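A.B. asks: If you're matching them up, the sequences are chains A and B in order.
Taking the numbering used here, the leading residue of the first sequence gets -5, the next gets one more, and so forth.
Taking the numbering used here, the leading residue of the second sequence gets 492, the next gets one more, and so forth.
The hints are simulated quantities; they were obtained by calculation from the structure and are not laboratory data.
One or more hints might be untrue.
Claimed, not checked - With a straight-line Cα cutoff of 27 Å, these simulated DSS-like cross-link-like pairs (lysine-lysine) come out:
1. 611(B) / 257(A)
2. 253(A) / 611(B)
3. 611(B) / 18(A)
4. 112(A) / 308(A)
5. 188(A) / 112(A)
6. 112(A) / 215(A)
7. 253(A) / 18(A)
8. 261(A) / 273(A)
9. 137(A) / 112(A)
10. 611(B) / 261(A)
Quick caveat, the model's predicted, so the values are computed rather than measured.
Here are the chains, one letter per residue:
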Amino acid sequence: MTATWSGPLEPAGECRWQIPASYKAGMRVPGIIYASRAMIDDIRADQAAEQVANVAHLPGIVRASLAMPDIHWGYGFPIGGVAATDVRDGVIAPGGIGYDINCGVRLLRTNLAMKAVKDKMETVVNDLFRAIPSGVGSEGQVKLDRPELDRVLTRGSAWAVEQGYGWAEDVEHCEESGSLTGADPAAVSSRALKRGSPQLGTLGSGNHFIEVSVIEEVFDKAAASAYGLETSQVVVMIHSGSRGLGHQVCTDSLEVMGKAVSKYGIKLPDRQLACAPVKSEEGENYFAAMAAAANYAWANRQVMTHWVRQALAKTLGTTPESLGLQLVYDVAHNIAKFEDYPVDGAARRLCVHRKGATRAFGPGHPEIPSRYRQVGQPVLVPGDMGRASYVLKGTQAAMRETFGSACHGAGRVMSRTESKRGIRGSELRRRLLSEGVVVRAGSDASLAEEAPEAYKDVTQVVEATHRAGIATLVAKLRPLGVIKG
Amino acid sequence: MGEAFTLLDHTADVKVRATGPNFGATLANVARGMLAVLYDSLSAHFEFHRELEITGYDRASLVVSFLNEILYTLESEGLVPVEFSAVRVDGHALVTTVGWGRPSGPALREIKAATYHDLKVTDTVMEVVFDL
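The following block holds chain A by itself, in its conformation from the complex (with noise of 0.2 Å):
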């Protein structure tokens, strides 16, 4: 088993924990863990919190290094980990992003009620998994040559909506407007282009899936309306990245930030944090590289959006317009970018690497579309395939504290290799349907892997972060129907 972490966690406010920069030498600024109490012992379960500490070491970290409720276990960065880097003196690190690059989510409103497609809803998970491709290796229906490509890479989400995959306001509805300025197709290897090139349009598989959820409950019925979700609606929930493209190019930069944390003298705990200097070649390569991967998520999510539209339109006999397929927002929870923030009274320019965390941006932001900026922008948050999801808002809070960032999703407690071995996926399946949720995934194995017992309960990562004051809550979703990869 795992070695508990016995450091210090000093209470620092509400459902706010200090690491002090005095726990290990090396740390530049404190770690801050916003959870609950309740929280602490799964924190203290495994290596997160010392993950927390090692972030903290990077060089020109601001303020701290944050971790998210929903803080788990990961490689480098902990999951649910926040730093934010002067682009001045500071540095840009893959390992703060991940293999899956710009890996997020986004939500779909209906005007469907619940009881349109309670009896359908075998139907309707069938059709949905056969319309989208999943699984380990997926290939899409999108063929791309390498000019094609390399304007996936540029343009994101228009690019798609432009292909006819979605609708105009979608662009409108995603974070970014679905496409990273700074893209430079000419920074990805002819590695990542091979493997993008046939995965765009695919789900992929782990921890990736499409849902089918009904709005159980409405906390906030101001900014539920300005995102148009009431109470009892059918939702649609898709949760995926940039596939091989976004895994190939992590691996590529990590070779060249090994290099370069010697050739710029740079000391970390953890050689999966290695970094270089945002001003550097190799940081501004990375970027490049980063953002392009970055736009192949939004145009996968956005070809699959299509796809799910169509479908669902043909299930129910209808047209995805008078469905009122919405796109109600995208967020990305993998990804670094560059925001201005106040420090220490001057408005400064950092790199915000969010690793497993939301982009959570408060009431009256420019960067919100202008149907939602009085409420703040909507932060997605998927819990497990068993028990809810959620929707919260962005606060003042989050901008003055975490860099306008949230939680992203439950967390895991259980390890694959222990899910896999106390869960039979076909028991899952049944117990599941049993439960209200029609299930389809690829395998057994990976189904069983996923399984709801294998996650913190997202409630109550939602509730410290309620709490906290970081995203509030908005409504709460639960699974219909589930595909997962």
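Position chain B relative to chain A; hints supplied.
C.D. replies: For chain B alone, kept in the frame of chain A given last:
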């Protein structure tokens, strides 16, 4: 001598611990452990040999790059290693010949990459965390 490899718990990922009598044999055992994560029971017949040359900047990076090379070959060509032979480490390069084959069924899960996190590399013991 214990098992050639064991799979150890890691909350979000999997760690493979492998042992062997020398660097090349231990490395092959890590690769076998990685394949055991991908396929619960892999069946693949030998098709051909191909020489692999991996470059890195130290032994640890050679190990990570070797494993990532296998993952790349699997995704881009659908091939898995079925036969390992002696490796030659020459400065910052690792050269070996691998026998490749096509698996009879799809992988059960995807590995995004071999990581540097908590990486241990000696001639006789290696531990590698894989991102799933």
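A.B. asks: Run every hint past the structure and note whether it holds.
C.D. replies: The hints, checked one at a time:
1. 611(B) / 257(A): holds, 23 Å
2. 253(A) / 611(B): Measuring from Cα to Cα gives roughly 19 Å; hence the hint holds.
3. 611(B) / 18(A): holds, 22 Å
4. 112(A) / 308(A): holds, 16 Å
5. 188(A) / 112(A): Given pair residue 188(A), residue 112(A) is violated - Cα atoms ~41 Å apart, limit 27 Å.
6. 112(A) / 215(A): Answer holds: residue 112(A) to residue 215(A) is near 24 Å, not above 27 Å.
7. 253(A) / 18(A): holds, 25 Å
8. 261(A) / 273(A): holds, 18 Å
9. 137(A) / 112(A): Violated: residue 137(A) and residue 112(A) sit about 36 Å apart, past 27 Å.
10. 611(B) / 261(A): Given pair residue 611(B), residue 261(A) holds - Cα atoms ~18 Å apart, limit 27 Å.
In this structure, the hints that do not hold are numbers 5 and 9, in rising order.
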